[in-house]
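**Q** Just so you know, the sequence shown maps onto residues 1 to 139 in our numbering.
If you're looking for bench data, these hints aren't it; they were derived computationally from the structure.
You may find that some hints are simply not true.
Claimed, not checked - Heads up, simulated DSS-like pairs for lysine-lysine below, C-alpha to C-alpha not over 30 Å straight-line: (1) K60 <-> K106; (2) K23 <-> K5; (3) K66 <-> K23; (4) K5 <-> K42; (5) K23 <-> K106; (6) K106 <-> K5; (7) K5 <-> K60; (8) K66 <-> K106; (9) K66 <-> K42; (10) K23 <-> K42; (11) K42 <-> K106; (12) K42 <-> K60.
What the hints assert, rightly or not - Label pairs and their in silico Cβ distance ranges: (13) Y8 <-> H87: 33 to 41 Å; (14) F55 <-> Q7: 30 to 38 Å; (15) G13 <-> S108: 38 to 46 Å; (16) N50 <-> K23: 19 to 27 Å; (17) I53 <-> Q7: 30 to 38 Å; (18) S90 <-> K5: 29 to 37 Å; (19) H96 <-> N50: 17 to 25 Å.
Beta carbons: idealized from backbone N, C-alpha and C, even for Gly.
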Amino acid sequence: WAAFKPQYFTDRGRVSLLSDDIKGMVRFQRFNLQDSFGGMGKFDLIFLRNVAIYFSDEFKNELFNKVYRLLNPDGVMFLGSSETIDHYSSSFNSMHHGTDLYYQAKPSEEMKSSKVDNTKLMEMLANINSRLDSTTKST
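Using the sequences plus the hints, can you model the full thing?
**A** Take a look at the structure:
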């Protein structure tokens, strides 16, 4: 976290704000998860926090497979702290950073050809996800 924070965040008292350069790479979009994900492009990171718990087991299988197809090689999906992909998808490896859990896409043959080592970035994102959990629990 300490290595990435000055590069990607600006301190504003007790709050750290994401830099405008990084915000420019983020796309926020409203859409129905039951619709096709076609045309959305590829992503390094997907936060699907506190959403899957509301869907049927059948749709969770479909949803996690659709998310997997959107991720770049070694792409990561974060779920809420009460959510899991156990029993719904075998396309992800469960990854731990301290007490935090995230899911990294297992490389397909196509993904293996363009694999990038992004371990440090994923550790930073796990820290951010943990802070999101803390914020959610305290409100």
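**Q** Take the hints in turn and mark each one as holding or not.
**A** Each hint, compared with the structure:
Note on K60 and K106: the hinted pairing holds, with a Cα-Cα distance of about 18 Å set against a maximum of 30 Å. As the CA atoms of K23 and K5 are separated by approximately 14 Å, the hinted pair is consistent with the 30 Å bound. Proximity of K66 to K23 is assessed by CA-CA distance (about 24 Å); at most 30 Å being required, the pair is judged to hold. Of the supplied pair hints, the one linking K5 and K42 holds, its CA atoms being roughly 25 Å apart against a limit of 30 Å.
Taken as a hint, the K23 and K106 pair is honoured in the structure, with Cα atoms around 27 Å apart against an allowance of 30 Å. Note on K106 and K5: the hinted pairing holds, with a Cα-Cα distance of about 28 Å set against a maximum of 30 Å. At most 30 Å may separate the alpha-carbon atoms for a hinted pair to count; K5 and K60 exceed this at roughly 34 Å. Under the criterion of a C-alpha separation no larger than 30 Å, the hint pairing K66 with K106 is consistent with the structure, at around 14 Å.
With a C-alpha separation of about 11 Å, the suggested pairing of K66 with K42 holds against the 30 Å cut-off. Of the supplied pair hints, the one linking K23 and K42 holds, its CA atoms being roughly 17 Å apart against a limit of 30 Å. Restraint check for K42 and K106: satisfied, since their Cα atoms lie roughly 15 Å apart, inside the 30 Å limit. Only pairs whose Cα atoms come within 30 Å are accepted, and K42 paired with K60 is accepted, the gap being roughly 20 Å.
The beta-carbon spacing between Y8 and H87, approximately 35 Å, falls within the hinted interval of 33 to 41 Å. For the hinted restraint 30 to 38 Å between F55 and Q7, the CB-CB distance of approximately 37 Å keeps it satisfied. Distance hint check: the CB atoms of G13 and S108 are about 44 Å apart, consistent with the given range 38 to 46 Å. As the Cβ distance of N50 to K23 is approximately 22 Å, the hint placing it in 19 to 27 Å holds.
The hinted range of 30 to 38 Å is satisfied by I53 and Q7, whose Cβ atoms lie roughly 34 Å apart. At about 35 Å, the beta-carbon gap between S90 and K5 stays in the expected band of 29 to 37 Å. At about 20 Å, the CB distance of H96 to N50 agrees with the hint of 17 to 25 Å.
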